[in-house]
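If you're matching them up, the sequences are chains A and B in order. Using UniProt numbering, read the first sequence as starting at 1 and increasing by one per residue. Using UniProt numbering, read the second sequence as starting at 1 and increasing by one per residue.
These are calculated hints, taken from the structure and not from any lab test. No residue lacks a Cβ here, since even glycine has one placed at the ideal position from N, Cα and C. Honestly, I wouldn't trust all of these hints.
As the list claims (entries may be wrong) - Partial list, derived from the structure: chain B residues whose beta carbon lies under 8 angstroms from chain A: (1) Phe117; (2) Leu162; (3) Met207; (4) Leu259.
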Amino acid sequence: MARLRLTGRGMWITALIVPPLAFVALFIVYPIISAFAYAFYDWQGLLRGDFVWFDNFHKVLFVEPYASWTRNAFTHNIMVFFALMVLQNGVGFLLAYALWRELPGARFHRIAVFLPVVLSTIIVGYLWKLFLHPLFGVVNQSARAIGLPWLAQPWLGQDSTALWALIFANAWHMVGFPTLVFLAGMQRIPTEILDAVRMETQSEWVKIRKIVWPLVAPSATVVFVLLFVGAFNWFELPYIMAGLDGSPYGSTDVLGLYFYRTAFGNVSSGQQDFGLGSALAVLIFVFIAAVASVITVRLRAREIQV
Amino acid sequence: MSATATTYYDRKGIIGTLGRDGLLQIILVANTFIMLAPIIIMIFSAFKSNMEIFQAPFALPDFGNVGNFVKIWTQTNFVRYLFNSFLVTGSSMVLILTLGTMAAYAIARYQFFGASFILMFFIAGLTLPLKLAIIPLFMLMRDIGILNNQLSLIFVYTAMGLPTTVFIMTGFIRTLPNELEDAARMDGASEARIMWSVMLPLVRPAMVIAGIQNVVPIWNDFFFPLVFIQNDDLKTLPQGLTTFMGEYNTDWGVLFSGLTLSAAPIILIYIVLSRQFISGMTSGAIK
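Please model the entire structure based on the sequences and the hints provided.
Here you go:
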């Protein structure tokens, strides 16, 4: 009797656990492992050819023109990461600090700052593309109207400003996320500590640097790592606002676009190369995993010290 | 709170405090303006003609002028995209919450060999950027014959949503008391009965959090449809929007009303449920 119940229970647990496990195994684990395997083969369209060892990696990293495309895209990802560190996480921290004071209207400001976050990147991309239109866009129209005609630039059309326009649009879209994560971190700082600080110093700067910043370290860790992963996976916004080729002249090309173009081809050339694409994917993946773990370990250590 | 505030003013001087708070308030108001103005201009422009948009972009429109919306409703595939998005997102959410709760319940309520390993397996899926596995996923969908079929999206979204859901739900279900379960077991209820009638009614709050955390990225996703779906009648809203924006690229009023219509469902739900949205979407980042 007991044994029967035991097997019944075992079957019940199996029935609960196997279907979800199967989904994750089939659609996450298996594709990611395969991506590594694919990179070592020569591909003819959708057909897998010979095992070519590290040829694809070698090509992507050292053979022209691929090597300079890779370098170009990679440089842009680095720029995007650091710029967003300031414009998104830095501004987010400042806004969180302002919201934390619970000034009149804080609730409304909190809802407003998070509103763009719930919108699709596609909507945000098209919205800013229309706003940044050189002739009819709202941005240039207002610049001319308030007497600052030098601000009326073809922002998306010239290679010196296009990437910055994308970075700005991204910051507008996502700044609410770090803001509210930082805010939650600040709200968890015990009031006793804050009271004690007030006895010691009147300087707002000292308070932020010595108390608030160290105590929101766990929030900072999460926000930094997520931004890093996001910056190196950047695809939708440049795809919508700059196109698959990273126009103008590759000045907005990033690894996500480059990977997609290599793997699935673009409008001008229908050529697709799964081998090179997979090699790129593996390199990006390993890079993200390595750097993200280093950042996490480093920042975690900072959390414990405090 | 007011007591501490008083001492604070005493020490610092009311002018200094007001100056500081004033500056913070100015920052907040300026930021809120930057956040909301683009959305308001988008909605205004949806009711305007090209001429009005170019000449008076900030002017209040005549809200009775719904010509752009009528055009979208009758002349484009927009309603179809909207329906597809609801279908795909809805099916994925049902699967995620059902399968996620099943796994979390088994891991949290029963002791069995490998339980913690299975939890680790799910959590590992949390951190992997699945976009980079798009080539094998594409081949997999082709091999099982659901390329250019919405099932491909539903399956990928379900797999992507499971790690967070299992993570949130396991943590929550572990905190539920044993007494109810034991009492029901004493009364001879079957395991399935205990799960369905006794425990599940208690896990609803966690389901809401897990649901919101997943529903927004799925509703907004563009990347997987871009690769998996070619047939225009099967496109979801973000993907359909790219087709639509290309077709009407000279008619700005229609473009803006397309954007407004696409944004409307999620903005409206967000305004009603802002607190749940904020806690749901940031819950992964806040411990």
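Of all the hints given earlier, name the ones this structure violates by number, lowest first. 1 and 3
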